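Asks: Chain by chain, the residues:
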Amino acid sequence: MSNRPVLEPRKALGALALLAFALVLPLSVSDPSRLNFFVLILMGAQMGVAWNIVGGYAGQVSLGHAVFYGIGAYTSTMLALSLGLSPWIGMLAGGLVAVVFALAMGWPCFRLKGHYFAMATIAVAEIVQILVTNSDFLEGAVGLSLPLDRSGWGAMVFLSKLPYYYIILGLLVVTILAAWAIERSHIGYYFRAIKDEPEAARALGVNLTRYKLIALSVSAFLTAVGGSFYAQKEMFIDPGSVFATSISIKIALVAILGGVGTLMGPVLGAVILITIEEYSRTLFGSTGSGTDMIIYALMIILVAVFSPAGVLGLLQDLRRHLPGSGKTSETR
Amino acid sequence: MTADILLQVLVSGLLIGLIYALVAVGLTLIYGVMDIVNFAHGEFLMLGMYASFWAFTLFHVDPVIALPITAVLLFGVGIVVYQTVIRRVLKAPMLSQIFATFGLMILLRGLAQFFWKPDHRLIPDSLVSGNIALGPVQFGLPQVIAALGAVGVTGALWFFLHRTRLGTALEATAIDREAATLMGIDGQKMFALAWGIGAACAGIAGGLIATFFPIFPEVGSNFILIAFVVVVLGGFGSVAGAFLAGIIVGLIEVVGGFVIGPEYKTAIVLSLLLIVLLVRPKGLMGKA
Numbered sequence: 000m001s002n003r004p005v006l007e008p009r010k011a012l013g014a015l016a017l018l019a020f021a022l023v024l025p026l027s028v029s030d031p032s033r034l035n036f037f038v039l040i041l042m043g044a045q046m047g048v049a050w051n052i053v054g055g056y057a058g059q060v061s062l063g064h065a066v067f068y069g070i071g072a073y074t075s076t077m078l079a080l081s082l083g084l085s086p087w088i089g090m091l092a093g094g095l096v097a098v099v100f101a102l103a104m105g106w107p108c109f110r111l112k113g114h115y116f117a118m119a120t121i122a123v124a125e126i127v128q129i130l131v132t133n134s135d136f137l138e139g140a141v142g143l144s145l146p147l148d149r150s151g152w153g154a155m156v157f158l159s160k161l162p163y164y165y166i167i168l169g170l171l172v173v174t175i176l177a178a179w180a181i182e183r184s185h186i187g188y189y190f191r192a193i194k195d196e197p198e199a200a201r202a203l204g205v206n207l208t209r210y211k212l213i214a215l216s217v218s219a220f221l222t223a224v225g226g227s228f229y230a231q232k233e234m235f236i237d238p239g240s241v242f243a244t245s246i247s248i249k250i251a252l253v254a255i256l257g258g259v260g261t262l263m264g265p266v267l268g269a270v271i272l273i274t275i276e277e278y279s280r281t282l283f284g285s286t287g288s289g290t291d292m293i294i295y296a297l298m299i300i301l302v303a304v305f306s307p308a309g310v311l312g313l314l315q316d317l318r319r320h321l322p323g324s325g326k327t328s329e330t331r
Numbered sequence: 000m001t002a003d004i005l006l007q008v009l010v011s012g013l014l015i016g017l018i019y020a021l022v023a024v025g026l027t028l029i030y031g032v033m034d035i036v037n038f039a040h041g042e043f044l045m046l047g048m049y050a051s052f053w054a055f056t057l058f059h060v061d062p063v064i065a066l067p068i069t070a071v072l073l074f075g076v077g078i079v080v081y082q083t084v085i086r087r088v089l090k091a092p093m094l095s096q097i098f099a100t101f102g103l104m105i106l107l108r109g110l111a112q113f114f115w116k117p118d119h120r121l122i123p124d125s126l127v128s129g130n131i132a133l134g135p136v137q138f139g140l141p142q143v144i145a146a147l148g149a150v151g152v153t154g155a156l157w158f159f160l161h162r163t164r165l166g167t168a169l170e171a172t173a174i175d176r177e178a179a180t181l182m183g184i185d186g187q188k189m190f191a192l193a194w195g196i197g198a199a200c201a202g203i204a205g206g207l208i209a210t211f212f213p214i215f216p217e218v219g220s221n222f223i224l225i226a227f228v229v230v231v232l233g234g235f236g237s238v239a240g241a242f243l244a245g246i247i248v249g250l251i252e253v254v255g256g257f258v259i260g261p262e263y264k265t266a267i268v269l270s271l272l273l274i275v276l277l278v279r280p281k282g283l284m285g286k287a
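One line per chain: the protein sequences are A and B, in this order. In terms of numbering that gives the first Met the number 0, the first sequence opens at residue 0 and continues consecutively. In terms of numbering that gives the first Met the number 0, the second sequence opens at residue 0 and continues consecutively.
No lab work stands behind these hints: they were computed from the structure. It is possible that part of the hints are untrue.
Claimed, not checked - DSS-like mimics (lysine-lysine), calculated; alpha carbons at most 27 Å apart, straight line:
| hint | chain 1 | residue 1 | chain 2 | residue 2 |
| --- | --- | --- | --- | --- |
| 1 | B | K281 | B | K90 |
| 2 | B | K264 | B | K281 |
| 3 | B | K90 | A | K112 |
| 4 | A | K112 | A | K160 |
| 5 | B | K188 | B | K90 |
| 6 | B | K116 | A | K112 |
Said to hold, decoys possible - Covered stretches of chain B (in silico footprint by chain A; criterion: 3 or more residues with CB under 8 Å from a CB of chain A, positions within the stretch not fixed):
| hint | region |
| --- | --- |
| 7 | 78-91 |
| 8 | 106-113 |
| 9 | 224-230 |
Stated by the list, open to error - Part of the chain B face toward chain A, derived, beta carbon under 8 Å:
| hint | residue |
| --- | --- |
| 10 | S95 |
| 11 | I97 |
| 12 | L147 |
| 13 | V150 |
| 14 | A266 |
Since the model is a prediction, treat every value here as computed from it, not as a measurement. C-beta atoms are modelled at their ideal positions from N, C-alpha and C, and glycine is treated no differently.
When you get a sec, could you build the whole thing from the sequences and use the hints?
Replies: In structure tokens, the structure reads:
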């Protein structure tokens, strides 16, 4: 138990190769819709890695993460519209508002275990969505538009998709580094203890609520940052596009599908999920046909029944069973 | 004048509350017996609504008459869901259990959208239609019939659980699974039964409201959250508690919507959830 997950040279090399691949990838793409597809994958991955900190490592399944996403999007947009503040600052402000909100909602909700915590998070997100939809101050159901006249890095508004690609790639890297740092630190151990052996952890003097609140706050901050990015990329937000239950579901799905509680699982999950979404749309026509829902629902059920560790866990199992692979066991 | 309005509001709340109670009893029964929250419960209600719709559209069978068929159909769906998915995650980590029923929720919505389109549908000219007058206030007959049906089914379920051998075995499993198994009760059979009954209750609720509520693939999402509030307020696993809580939630929703504004009625009900969790986490009639 005492050995910390050290950075193996092989893994470090793999991570660098992956990053190099991600850096040069857009240079080979000229089609803007294709580039947008990559941006969507990175956005999904960033949300999933952020969710994973509370839902995966600490095992507190939130199905209401859209509330943080929406808070991020609305905070940076409102600050830009009313004070002319740069979204880079607005992003941090949105993250902080999300943390305050996370602490306020975590306090009552963490009295609930498991299934009921998940339900309560849906309820909170739904309440906030209703309040925003009916708020005159936030333009209600009409939504908010960012002005197009200011463009460039300060205003984080670009005509090309390329800068957005590199910004979200940067945010994803920061989010992964944050998750990695937590995974390696003593906090990460407490999170896993809360998830696997809450009673034992409590008996050993771990303040469960405090660590659950830390997990939720970090996750909320990073999710809100992703929300601010969404607002900058789309230049328009309304309650339905950032606070909707479907966003919460997608955030959780990415992590569940790829591998809950693993560092790169959500990235894999995002690649799978967004690809299914895009291709079922082009293959079967409109979004209303439900085929994308059916495909990823079947994947979720299969993962739940056969491989709780997600697709990444499935791959690791396969590799372990292959002859010639030196590794026999993973620490977790 | 204001007394009339008050009466009208209170009775509307009571009528819808009885439906909420019926949806929530199934949810609380499944939770009580096996500690699993069925995120797909609203989808059972949705299937019940579509069963009524197709019985009416294809075979000209009125929703009221189709109810027993809907109940049997949904009982079957509950059993199939249990046997194919839930049985396999009984011993799995909690995360897997959440994802399993959560996946079912998305699957059933997706299937409904695929086969029946995302359109809102209505059942026109049902056998029960029109209004009945109670002094100065008027109520839709379908709503009244639905509420009476909900009371009847919830009452029958209570009778089954407390006055029949099979029902008592189910209750016993809910109270102490280990002890019940030692007494010779087949746990697997009880779990399957809980899913069958739970799904049937939600399906009947769907059939009852199909005459006056739009039918669409995602209709369950409105009800699952409210059913959850009812289960928490009533006390996890308590059928009697869910019945009482259903009425209270219905009243709060309608009265709150009337006083503060109808656009906030769902938010009011959901806030109630947080209040209960803060003030009395075990609910009205909960055990733990």
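Asks: Apply the coverage criterion to the region 78-91 of chain B and chain A: a residue qualifies when its Cβ sits closer than 8 Å to a Cβ of the chain, and three qualifying residues are needed.
Replies: holds (count 4)
Asks: Restraint: A266/B near chain A, CB-CB cut 8 Å. Satisfied or not?
Replies: 4 Å, holds
Asks: Holds or violated: L147/B as interface residue toward chain A, Cβ cutoff 8 Å?
Replies: 29 Å, violated
Asks: Quick check on S95/B please, does its C-beta sit within 8 Å of some C-beta on chain A?
Replies: It holds, given that the least Cβ distance between S95/B and chain A is near 4 Å, below 8 Å.
Asks: Holds or violated: K116/B with K112/A, Cα cutoff 27 Å?
Replies: 37 Å, violated
Asks: Given the hint that K112/A pairs with K160/A, test it: the Cα-Cα distance must not exceed 27 Å.
Replies: 42 Å, violated
Asks: Between the region 224-230 of chain B and chain A, are there enough contacts, at least three residues with CB-CB distance under 8 Å, for the coverage claim to hold?
Replies: holds (count 3)
Asks: Given the hint that K281/B pairs with K90/B, test it: the Cα-Cα distance must not exceed 27 Å.
Replies: Roughly 25 Å between the alpha carbons, so the hint for K281/B and K90/B holds.
Asks: Can the region 106-113 of chain B be counted as covered by chain A under the rule of three residues or more with Cβ-Cβ separation shorter than 8 Å?
Replies: holds (count 7)
Asks: Is the Cα-Cα distance between K90/B and K112/A 27 Å or less?
Replies: 17 Å, holds
Asks: With a cut-off of 27 Å on the C-alpha distance, tell me whether K264/B and K281/B pass.
Replies: Measuring from Cα to Cα gives roughly 24 Å; hence the hint holds.
Asks: Please verify that hint: V150/B, Cβ, nearest Cβ of chain A, below 8 Å or not.
Replies: Check failed: Cβ of V150/B comes no nearer than 26 Å to chain A, outside 8 Å.
When held up to the earlier numbered hints, the structure conflicts with 4, 6, 12, 13 and fits the remainder.
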